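S.K.: Here is how the chains run, residue by residue.
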Amino acid sequence: MLSRPLTLPLALLLAAALVITLFPVFWIVMTAIKPPTDWNAAPAVWLPSEPTLVNFKTLFDPTALKAYGLSGVSQPATPSMLGSILASIVATGLSILIGLFAAIGLSRYATMTKATPLMILSGRMFPPAAIAVPFVIIFSVTNVIDTYSGLIAIYVAVTLPFSTWMLKSFIDDLPREIEEAAMLDGRSRLMAHLTVTIPLVKGGLFATTMFIFILNWSEFMFALVLSYTNVTTIPVQLAKYVTATAGTLYGVQAALAVLAMLPLVIGGFMIQSHLARGMTFGAVKR
Amino acid sequence: MTLHAPPEVQRPAVMLPSSPAAAPARRPAGNLGIARFFAVPGQIVSLTVLVMPLLVALYMSFTDWSPTRGSLFDAAFVGFENYAELLVYDTRFLEAVIRTVLISATCLMLEFTLGLGLAVLFLREFRGKAILFSAFLTPMMILPVVVGYTFWMLFQSNGPINQIIALIAGPGAMPEWFRSAPLAVATVIITEVWHWTPLFFLILLSGLNAVPENPVRAAVILGASPRQVFWQVVLPMLKPVIIVAFVIRAMEIIKLFDEVFMLTRGGPGSATETISLYIYKLAFNDFQLAYGAAAAFLVLIGTLVIINLMLLPVRDQLLEARR
Numbered sequence: 001m002l003s004r005p006l007t008l009p010l011a012l013l014l015a016a017a018l019v020i021t022l023f024p025v026f027w028i029v030m031t032a033i034k035p036p037t038d039w040n041a042a043p044a045v046w047l048p049s050e051p052t053l054v055n056f057k058t059l060f061d062p063t064a065l066k067a068y069g070l071s072g073v074s075q076p077a078t079p080s081m082l083g084s085i086l087a088s089i090v091a092t093g094l095s096i097l098i099g100l101f102a103a104i105g106l107s108r109y110a111t112m113t114k115a116t117p118l119m120i121l122s123g124r125m126f127p128p129a130a131i132a133v134p135f136v137i138i139f140s141v142t143n144v145i146d147t148y149s150g151l152i153a154i155y156v157a158v159t160l161p162f163s164t165w166m167l168k169s170f171i172d173d174l175p176r177e178i179e180e181a182a183m184l185d186g187r188s189r190l191m192a193h194l195t196v197t198i199p200l201v202k203g204g205l206f207a208t209t210m211f212i213f214i215l216n217w218s219e220f221m222f223a224l225v226l227s228y229t230n231v232t233t234i235p236v237q238l239a240k241y242v243t244a245t246a247g248t249l250y251g252v253q254a255a256l257a258v259l260a261m262l263p264l265v266i267g268g269f270m271i272q273s274h275l276a277r278g279m280t281f282g283a284v285k286r
Numbered sequence: 287m288t289l290h291a292p293p294e295v296q297r298p299a300v301m302l303p304s305s306p307a308a309a310p311a312r313r314p315a316g317n318l319g320i321a322r323f324f325a326v327p328g329q330i331v332s333l334t335v336l337v338m339p340l341l342v343a344l345y346m347s348f349t350d351w352s353p354t355r356g357s358l359f360d361a362a363f364v365g366f367e368n369y370a371e372l373l374v375y376d377t378r379f380l381e382a383v384i385r386t387v388l389i390s391a392t393c394l395m396l397e398f399t400l401g402l403g404l405a406v407l408f409l410r411e412f413r414g415k416a417i418l419f420s421a422f423l424t425p426m427m428i429l430p431v432v433v434g435y436t437f438w439m440l441f442q443s444n445g446p447i448n449q450i451i452a453l454i455a456g457p458g459a460m461p462e463w464f465r466s467a468p469l470a471v472a473t474v475i476i477t478e479v480w481h482w483t484p485l486f487f488l489i490l491l492s493g494l495n496a497v498p499e500n501p502v503r504a505a506v507i508l509g510a511s512p513r514q515v516f517w518q519v520v521l522p523m524l525k526p527v528i529i530v531a532f533v534i535r536a537m538e539i540i541k542l543f544d545e546v547f548m549l550t551r552g553g554p555g556s557a558t559e560t561i562s563l564y565i566y567k568l569a570f571n572d573f574q575l576a577y578g579a580a581a582a583f584l585v586l587i588g589t590l591v592i593i594n595l596m597l598l599p600v601r602d603q604l605l606e607a608r609r
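Chains as they are written, first to last, in our numbering: chain A, 1 to 286; chain C, 287 to 609.
Just so you know, these hints were derived from the structure itself, not from any lab. Note that the structure is predicted; figures quoted are calculated from it, not measured. Think of the CB as a built atom: it goes at the ideal place given N, C-alpha and C, for glycine as much as any other residue. Hints may contain errors.
[As the list claims (entries may be wrong)] Per label pair, the in silico range of CB-to-CB distance:
#, chain 1, residue 1, chain 2, residue 2, range
1, A, Leu-262, C, Pro-501, 40 to 46 Å
2, C, Val-337, A, Gly-186, 39 to 45 Å
3, C, Ala-452, A, Tyr-68, 27 to 33 Å
4, C, Ser-443, A, Phe-23, 17 to 23 Å
5, A, Trp-46, C, Pro-501, 45 to 51 Å
[As the list claims (entries may be wrong)] Think about it this way: if two alpha-carbon atoms lie no more than 30 Å apart in a straight line, the pair counts; the simulated DSSO-like pairs of lysine-lysine are:
#, chain 1, residue 1, chain 2, residue 2
6, A, Lys-240, A, Lys-66
7, C, Lys-415, C, Lys-525
8, C, Lys-415, A, Lys-202
9, A, Lys-57, A, Lys-240
10, A, Lys-240, C, Lys-525
Extracted from the complex, chain C is given alone in its bound form (with noise of 0.2 Å):
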């Protein structure tokens, strides 16, 4: 029996941590000045993004200041005040957050689950399969606000949603998407898990298409059912690409703003009011800037921590050189 060397195994879509012996050596000190003539503009910019805000959001919040009453630096200073309203009286803000986290968790759920379907559908022989990837990449092309402008035209109560449901269901069965809170609510999900979706497809079909074929021969071998395989070797491998994918979608959706915008503009009442549309209307539209502020705080804090904990295994391979 002939030994074989072991076969070029693909290269993963997703890089593992690579181990310290793996890293390519970087150049050593010595290169101080070169390094830090690439490094600092984007040092600055990042801290200027950073901080600079910051600074100003923590300050603003330990004031009562609203642009009506002058100079930021003659407001009046109120300690923690804007932030026990916040976070003992003001229900308002509170429902934003869970409604936020709430939407978000459905959204990934649902882009993930029918992103994993569609793209295990692609592992299929068919003709045209080119084509329909890139038509099935449409949607994430298309700027969030026009995403919403389009679902507001199709949720219309004599748009071509309701036709639909008139056709199947009988014109009684037609819903006000709009004035309905859980209707509301359901607009903004599907209109985001449309947009979305697609990014999942892209992500874990890329992922699957990467699964290196040996682990899968040797358990079709050993009799496992395609279901088995799939369950069993295929998804563990995924897992890497599985986190990142949702990492890099709750990084965005935790922000959703524009196609709430452009939907339902919080409403009806605040069914469909976000974090972000909830600030937006407290500074931009109520003038409470200071309030704002602090409510804008807290949730860069909330949003730094929870982030970075998800980043957390997926951490280094973000951050290794991978070769």
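Just chain A, same shape as in the assembly (with noise of 0.2 Å):
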């Protein structure tokens, strides 16, 4: 459609929009990589006067910044990086579990009402603040607080309808008779649903359980606000050294930040062309 080369003016705007779109990624991986006196100098340092991993070595040594007469950081990041390994993969799993059979369900057979899907949808809406509230009671009461397995219930919970809808929508794109030649030949339903539906969509239940790895991995008010000691993840241990630091560990923190989305850039762009039909539901399929 409407296929013009582009003009220079064009040209130009697009390569002022590409500055805008990937300066602040530059700035926080050239930060983790600058030592203490870079980190927040009068005028700012763009290039680090001298690259150096000491940010990086602070992240699993809270020692390491002695080099550089400082005293460093009171605890190590790597219960918050362990935390979020196991928060997020469990939680995809069961997720996605959970939403390739309300999918399948929901995609082929009438028997669910139409208020259904509505109805799992309806749990994206519900603001976490708001659902924080009454979470954090039910779970004091239940004792559950301050435990992964009580995070990992509401991440479950509040990715489920992304997971449903995403894979709803990658078997309503599948025709039915091939699960239906299936059943002629004498499966079950329940047979032919594990033995052929669920191989056909191989490749969108990969771009599935990236995308809800990269829901989990991101969520952040759910774990500040359930989480006391025993409980914590990358995103709340980035937010705790700006609290407790007041900022002035500007190399270690962007470090910690580099190192939580180096793995959602990678699978970003690993599932960049199911990305529209995970942030829509499925509307738009491409």
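Could you fit the two chains together into a complex? Lean on the hints.
M.R.: Quick look at the structure:
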């Protein structure tokens, strides 16, 4: 449609947009490799005077900054990394499993009422702040506050609308005749779904899994209010560095931020062609 | 003159509500067992996450409970006192609501405009399109907390943004972004727009690419200028995609919390306090849980109503099994 070449002014516009898009990413990566003297220098230092990995080291070994005459941080960031990995992976697995079942049910069987998918979608409309308050109460009463099981349960619940809708959109793309052929071969409905439907949506399953992982890995608010000492995740740790040190450890925080966004940027590009589908609950297909 | 068979129309990116005849014949009843088997786990989870907190919040909001006063069940019942306080006297709450709506509306309009502009640029022919496309999607793949932290660094008084401003307007022009209320709001909007314009770009571009060529060709043959083609032919066909993009983003931005928490913590004063941030502070800084629950309940109901109203035009589209 309307294929015309890019004129020079438009090319300059595009270049400006590209610079604005990438500059913050450039800044955080540069800050992560700046030595402490460059962190908050005035005027700001754009390229590290002496690139270093000390900020990354500090995440694992709180005393690493001693080489620069700083006392360093009070605790390593490793528990938060393990916490993020545990919570994200388990919650993603469960969300995909339950979502896959719901998606098959929604896509293939008429018995569900029209309201069911909308009800599932409603789960996504609730502001986390609003459900966090009652959840803190429920969790305190049932004693799952500050445990990974509690956090994981919430993550499954809030990502379920996404996993269900995204998987449903992939299953909708499959002609149902394929499963029916398997059923004619004598397989039960359940076996037909397990051996035919699921292998056929492998690609979609991978994209959805990655997408749900991104959502869980990024989650901040629930982790913030439902964790005290046992449970911590990278976003919470990042926020804590800011409060605890009044923003004096720019480089260390930036290093943690870079580590936090690395898996997401890689994963995001891997499922790039499915991002629109995921974000729009399958309404936009490409 | 030969009659041509109607050319294959490209499948639009967003499916229009399909007519009943076109809807796939779903398996009729008689498979209740297996349908339940598939549906029940999801239903249990969504009931737990929807109904249970709603009921707890509702009950709590009629009491004066706070964690220092022992068990929730011993708390005194105060009727609608919390709600009356919120709706009539609590200007901070009402301000937070208005502020969130205004910030959201501003961000959505900016994101839509910039995203559409960028998507239109991508309809042109140029080299390296694939890699630039990926580059422009980068912001939306970054964690909100990291985005907030990054922009907090960028907007420091001796940060790179002020450095650039000093270069252009002289050192006297460097603003203290987080000390002035309007500038703090601006940092929130700029951050949010940077973070989520790529989503509009992505959705709108896939919509633009799926616009069928024939109406466009016809308009061109009939003498329409490129501008007319865009505004009068392409954009109307894009309407369902645009609505979906707005609804999806509205659902998310109304919850705005992470970026603001990292950028300003709602400050200076309460100049950037969003609803989510206000409820968070009420419940977890001031431990006014019952009052916070009342606020949470009002916000839940309000959000549900607003989003469902916005969903009305695209409801069927989201619901139908699309083939």
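S.K.: Against this structure, judge whether each hint is valid.
M.R.: Here's how the hints hold up against the structure:
1. Leu-262/A / Pro-501/C: 40 to 46 Å: holds, 44 Å
2. Val-337/C / Gly-186/A: 39 to 45 Å: 41 Å Cβ-Cβ, so the 39 to 45 Å window holds.
3. Ala-452/C / Tyr-68/A: 27 to 33 Å: Holds - the Cβ-Cβ distance for Ala-452/C and Tyr-68/A, about 28 Å, lies within 27 to 33 Å.
4. Ser-443/C / Phe-23/A: 17 to 23 Å: With a Cβ separation near 18 Å, Ser-443/C and Phe-23/A satisfy 17 to 23 Å, so the hint holds.
5. Trp-46/A / Pro-501/C: 45 to 51 Å: Cβ of Trp-46/A to Cβ of Pro-501/C: about 49 Å, so the range 45 to 51 Å holds.
6. Lys-240/A / Lys-66/A: At roughly 21 Å apart (the allowed maximum being 30 Å), Lys-66/A and Lys-240/A satisfy the hint.
7. Lys-415/C / Lys-525/C: Holds: Lys-415/C and Lys-525/C sit about 25 Å apart, inside 30 Å.
8. Lys-415/C / Lys-202/A: holds, 28 Å
9. Lys-57/A / Lys-240/A: holds, 18 Å
10. Lys-240/A / Lys-525/C: violated, 43 Å
Hint 10 alone, counting from the list given before, is not met by this structure.
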